[in-house]
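Please work from the sequences and hints to get the whole structure.
2 protein chains.
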Amino acid sequence: MCFLALRFESTILSGKKLKREKNPKENIVTLKEVANHVGLTAGTVSAVLNNSAASRSIPESTRQRILAAARELNYRPNMLARSLRVQRTYTIGVILQEIGDAYGSTVVSGIEEVLSERDFFFLTVAHRHDKRLLRTYSDLLISRGVEGFITVDTSISEKPVLPTVAVAGHKYVSDVTNITLDHRKAAEIALHHLKSLGHDRIAFLKGQMESSDSVVRWEAICAVAQELNVIIRPELVVQLEGKDSTPELGYPFGKQLLSRNVPFTALFAYNDISAIGAMRAFQEAGKRIPEDISVVGFDDINFASFARPALTTVRQPLKKMGRIAAKALLDWIEGRSEYMPEIAIEPELVIRNSTSPAGYGKS
Amino acid sequence: MCFLALRFESTILSGKKLKREKNPKENIVTLKEVANHVGLTAGTVSAVLNNSAASRSIPESTRQRILAAARELNYRPNMLARSLRVQRTYTIGVILQEIGDAYGSTVVSGIEEVLSERDFFFLTVAHRHDKRLLRTYSDLLISRGVEGFITVDTSISEKPVLPTVAVAGHKYVSDVTNITLDHRKAAEIALHHLKSLGHDRIAFLKGQMESSDSVVRWEAICAVAQELNVIIRPELVVQLEGKDSTPELGYPFGKQLLSRNVPFTALFAYNDISAIGAMRAFQEAGKRIPEDISVVGFDDINFASFARPALTTVRQPLKKMGRIAAKALLDWIEGRSEYMPEIAIEPELVIRNSTSPAGYGKS
DNA sequence: TACGCGTACGTTAACGTTAACGTATTTCGC
DNA sequence: GCGAAATACGTTAACGTTAACGTACGCGTA
Numbered sequence: 000m001c002f003l004a005l006r007f008e009s010t011i012l013s014g015k016k017l018k019r020e021k022n023p024k025e026n027i028v029t030l031k032e033v034a035n036h037v038g039l040t041a042g043t044v045s046a047v048l049n050n051s052a053a054s055r056s057i058p059e060s061t062r063q064r065i066l067a068a069a070r071e072l073n074y075r076p077n078m079l080a081r082s083l084r085v086q087r088t089y090t091i092g093v094i095l096q097e098i099g100d101a102y103g104s105t106v107v108s109g110i111e112e113v114l115s116e117r118d119f120f121f122l123t124v125a126h127r128h129d130k131r132l133l134r135t136y137s138d139l140l141i142s143r144g145v146e147g148f149i150t151v152d153t154s155i156s157e158k159p160v161l162p163t164v165a166v167a168g169h170k171y172v173s174d175v176t177n178i179t180l181d182h183r184k185a186a187e188i189a190l191h192h193l194k195s196l197g198h199d200r201i202a203f204l205k206g207q208m209e210s211s212d213s214v215v216r217w218e219a220i221c222a223v224a225q226e227l228n229v230i231i232r233p234e235l236v237v238q239l240e241g242k243d244s245t246p247e248l249g250y251p252f253g254k255q256l257l258s259r260n261v262p263f264t265a266l267f268a269y270n271d272i273s274a275i276g277a278m279r280a281f282q283e284a285g286k287r288i289p290e291d292i293s294v295v296g297f298d299d300i301n302f303a304s305f306a307r308p309a310l311t312t313v314r315q316p317l318k319k320m321g322r323i324a325a326k327a328l329l330d331w332i333e334g335r336s337e338y339m340p341e342i343a344i345e346p347e348l349v350i351r352n353s354t355s356p357a358g359y360g361k362s
Numbered sequence: 000m001c002f003l004a005l006r007f008e009s010t011i012l013s014g015k016k017l018k019r020e021k022n023p024k025e026n027i028v029t030l031k032e033v034a035n036h037v038g039l040t041a042g043t044v045s046a047v048l049n050n051s052a053a054s055r056s057i058p059e060s061t062r063q064r065i066l067a068a069a070r071e072l073n074y075r076p077n078m079l080a081r082s083l084r085v086q087r088t089y090t091i092g093v094i095l096q097e098i099g100d101a102y103g104s105t106v107v108s109g110i111e112e113v114l115s116e117r118d119f120f121f122l123t124v125a126h127r128h129d130k131r132l133l134r135t136y137s138d139l140l141i142s143r144g145v146e147g148f149i150t151v152d153t154s155i156s157e158k159p160v161l162p163t164v165a166v167a168g169h170k171y172v173s174d175v176t177n178i179t180l181d182h183r184k185a186a187e188i189a190l191h192h193l194k195s196l197g198h199d200r201i202a203f204l205k206g207q208m209e210s211s212d213s214v215v216r217w218e219a220i221c222a223v224a225q226e227l228n229v230i231i232r233p234e235l236v237v238q239l240e241g242k243d244s245t246p247e248l249g250y251p252f253g254k255q256l257l258s259r260n261v262p263f264t265a266l267f268a269y270n271d272i273s274a275i276g277a278m279r280a281f282q283e284a285g286k287r288i289p290e291d292i293s294v295v296g297f298d299d300i301n302f303a304s305f306a307r308p309a310l311t312t313v314r315q316p317l318k319k320m321g322r323i324a325a326k327a328l329l330d331w332i333e334g335r336s337e338y339m340p341e342i343a344i345e346p347e348l349v350i351r352n353s354t355s356p357a358g359y360g361k362s
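Line by line, the protein sequences are chains A and B.
Per numbering that gives the first Met the number 0, residue 0 is the first one in the first sequence, and the count goes up by one each step.
Per numbering that gives the first Met the number 0, residue 0 is the first one in the second sequence, and the count goes up by one each step.
If you're looking for bench data, these hints aren't it; they were derived computationally from the structure.
If you're wondering where the values come from, they're calculated on a predicted model, not measured in any experiment.
Where hints are given, some of them may not hold.
Quick list of in silico lysine-lysine cross-link-like pairs, DSS-like style, CA-CA up to 27 angstroms [stated by the list, open to error]:
#, chain 1, residue 1, chain 2, residue 2
1, A, Lys-205, A, Lys-184
2, A, Lys-184, A, Lys-318
3, A, Lys-242, A, Lys-170
4, A, Lys-319, A, Lys-158
5, A, Lys-318, B, Lys-130
6, A, Lys-205, A, Lys-254
7, A, Lys-205, A, Lys-319
8, B, Lys-254, B, Lys-286
9, B, Lys-158, B, Lys-130
10, A, Lys-130, B, Lys-318
11, A, Lys-242, B, Lys-319
12, B, Lys-242, B, Lys-319
13, A, Lys-205, A, Lys-286
14, A, Lys-254, A, Lys-286
15, B, Lys-194, B, Lys-286
16, B, Lys-254, B, Lys-194
17, A, Lys-170, A, Lys-319
18, B, Lys-318, A, Lys-318
19, B, Lys-242, A, Lys-318
20, B, Lys-318, A, Lys-242
21, A, Lys-170, A, Lys-158
22, B, Lys-242, A, Lys-319
23, B, Lys-286, A, Lys-286
Set out below in structure tokens:
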């Protein structure tokens, strides 16, 4: 019988080898093949490989025999089948606007760190600001069995079917955990910095309507400005538009600001990329930074410190926010923690060389 | 019977509603539930929804009844089960060193564009320069049924089990399609540019050993230098180290170059981020760019044009390379095209403000 | 009226796994 | 030396789909 089993096995194997050229799937080995190889059944092999409760009664010698065979045949469990059976995929969906921008990439890098520590994988989709695409993608991800979502800079309006954590989400929807920066604090530190440098004519670059932080951040700025007696002049407020994720974004709006011919000594931009773009517009127009115009950015992306001059900015700990989002989601999925509606993140002012006392340029 | 069916259905549904609070999976509806709802079997419903060959004999009225029920119940096919059955996952694995660096993110954005057009998804893994982790991850991805791999800036040495496309891969392994820049051409245009500006003392930043382009690019530079009679002085060659993906990477090596006290009028850096970091080191030491030192970068990442001065660089069309990689892989997987060992990409010199004639600073 | 053919579905098995339960043999206590 | 318990496995069914095959019925035709 042993002889027969061996013969059987070897013909199977040689059959596979012949086919391998054509179909790469042919040489991936299943549980049943491992079981055949050691003369046991799939159930037993499964129990040992997962060392489940049932395997307590399997003697060490058999266990070793099984493990050896699995290694030898290079057995890789089929996660599809396993997931179908145990109803878990250890996969989450990451939904963002675009792939490749500094903001999203950094958040995703934080997410990935945590997921890999906890043996989860993720599928990424970019909805390109299209509401319908967003809906389609979340359905497709559910089809693929993701156990939860992390959205980045994307507002959700409907209550989702699965646990969802929104990085920079603001609509308060039940069953969505929002990871949000403390925008009040952010506005305070930035405006206080500029005010204490003597700036009283401050220009603003408002975020695009599609960006989920825009509204909340602007409201915080308005509220804090009032408290600090900083006047917000409509002539000095410019609305960003476009979905560019390079500094090109801010360039035309920097020019626009200058063309209004309303004097200002400082700019508080919506984010670092628009700040850097605006800086270039200013510099091309002969303005010196910070002597003529001080500039404060937002985010503290990698390149902020390498802008010329190095950019003063409100730091959002993006990678950390990604980590926190992932941790919150996994704990929630695995029932280690309850749903919480919000996790607040503290911003931090990073003072570099793009800000200086007002009027510095007049001397 | 119809009454019974309805009753049955409604109790099922209310049962689900009660459970929904506890288990989110409870309210996702299966093919069998749709079938029950219309009083048919799962097989029939499946045939209609996929409009397979078998559904030719299903009358329009029934077809509509099924489609309506599926919509009404919000049926979403379970891709795990489907994939297990049809042995296809429409998923590929993207393997990169890190997530969040400008180079990789841009390539991935190109990949994603093509995948989404063709209804594929992707799982991303970052192996952090660890060979063993790379191996582990590729096994895990195979477990999850990916149909192919795209690697970014990662050398593979073993012949892979699945179709693989390597962006900036250089080891020639059979069954791997390499998407490679024409490094000879790149070296030619960069060195010719510097030489024609009169530079004859050129410093070089060599790529890190872990970066897969390093060796090939350096060899191309050496070969072209010889042909153009450009002398490469060992004292002016610095080896980059570290896995930083911000300009911070180049900063210490820019300093190191200056500290050697060997005069040079130009720098050809391994990539843009190291070029920008080195520029800052030069500027901090009082050197003007380009008057005292011309700098040429490599890649043309988003920020290159917003460096001060705007960086002259050898452009790699990163997004396009991602697109080409994805297209090649999908065509290969779906048998629309044969395996090809290499696809060459043409670099392009982008002249901005970081280069000028040698000796300009002496006047 | 018997036969064939088209119509409209149902049935079965399989994809690879695993949890729950079954069964045959051995070991041990008293 | 007999029953109970432990040991070492096997068997079955199910996860949700789909491809291949099967069947029952009605209709037209020779």
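Hint-by-hint comparison with the structure:
At roughly 17 angstroms between alpha-carbon atoms, A:Lys-205 and A:Lys-184 fall within 27 angstroms of each other, so this suggested pair holds. Distance hint between A:Lys-184 and A:Lys-318 is fulfilled; the C-alpha atoms sit about 19 angstroms from each other, no more than 27 angstroms. Restraint check: the Cα-Cα separation between A:Lys-242 and A:Lys-170 comes to about 21 angstroms, which is no more than 27 angstroms; the hinted pair holds. Between A:Lys-319 and A:Lys-158 the CA atoms are separated by roughly 26 angstroms; this keeps the pair inside 27 angstroms, and the hint holds.
A threshold of 27 angstroms between alpha carbons decides the hint, and for A:Lys-318 with B:Lys-130 the separation of about 24 angstroms falls inside it, so the pair holds. Taking the CA atoms of A:Lys-205 and A:Lys-254, the gap is about 15 angstroms. The hint holds against a cut of 27 angstroms. Proposed proximity of A:Lys-205 and A:Lys-319 is supported: the alpha carbons are some 25 angstroms apart, at most 27 angstroms. For the given pair, B:Lys-254 sits about 11 angstroms from B:Lys-286 by alpha-carbon distance, which is consistent with the 27 angstroms threshold.
A hinted pair counts as satisfied when its Cα atoms are at most 27 angstroms apart, and B:Lys-158 with B:Lys-130 qualifies at roughly 15 angstroms. Distance restraint check for A:Lys-130 and B:Lys-318: the Cα-Cα separation of roughly 24 angstroms lies within the 27 angstroms cut-off, and the hinted pair is therefore satisfied. Under the criterion of a C-alpha separation no larger than 27 angstroms, the hint pairing A:Lys-242 with B:Lys-319 is consistent with the structure, at around 19 angstroms. Between B:Lys-242 and B:Lys-319 the alpha-carbon distance is near 25 angstroms, which keeps this suggested pair within the 27 angstroms criterion.
The straight-line distance between the Cα atoms of A:Lys-205 and A:Lys-286 is roughly 21 angstroms, inside the 27 angstroms bound, and the hint therefore holds. Of the pairs offered as hints, the one joining A:Lys-254 and A:Lys-286 holds, with about 11 angstroms between alpha carbons and a cut-off of 27 angstroms not exceeded. Restraint check: the Cα-Cα separation between B:Lys-194 and B:Lys-286 comes to about 20 angstroms, which is no more than 27 angstroms; the hinted pair holds. The hinted pair formed by B:Lys-254 and B:Lys-194 meets the criterion: a straight-line CA distance of about 24 angstroms does not exceed 27 angstroms.
A hinted pair counts as satisfied when its Cα atoms are at most 27 angstroms apart, and A:Lys-170 with A:Lys-319 qualifies at roughly 21 angstroms. Under the criterion of a C-alpha separation no larger than 27 angstroms, the hint pairing B:Lys-318 with A:Lys-318 is consistent with the structure, at around 23 angstroms. Restraint check for B:Lys-242 and A:Lys-318: satisfied, since their Cα atoms lie roughly 17 angstroms apart, inside the 27 angstroms limit. In summary, the hint linking B:Lys-318 to A:Lys-242 is supported, as the alpha carbons are separated by about 17 angstroms, within the 27 angstroms threshold.
In summary, the hint linking A:Lys-170 to A:Lys-158 is supported, as the alpha carbons are separated by about 11 angstroms, within the 27 angstroms threshold. The hinted pair formed by B:Lys-242 and A:Lys-319 meets the criterion: a straight-line CA distance of about 19 angstroms does not exceed 27 angstroms. At roughly 22 angstroms between alpha-carbon atoms, B:Lys-286 and A:Lys-286 fall within 27 angstroms of each other, so this suggested pair holds.
Violated hints are absent here; each numbered hint is respected by the structure.
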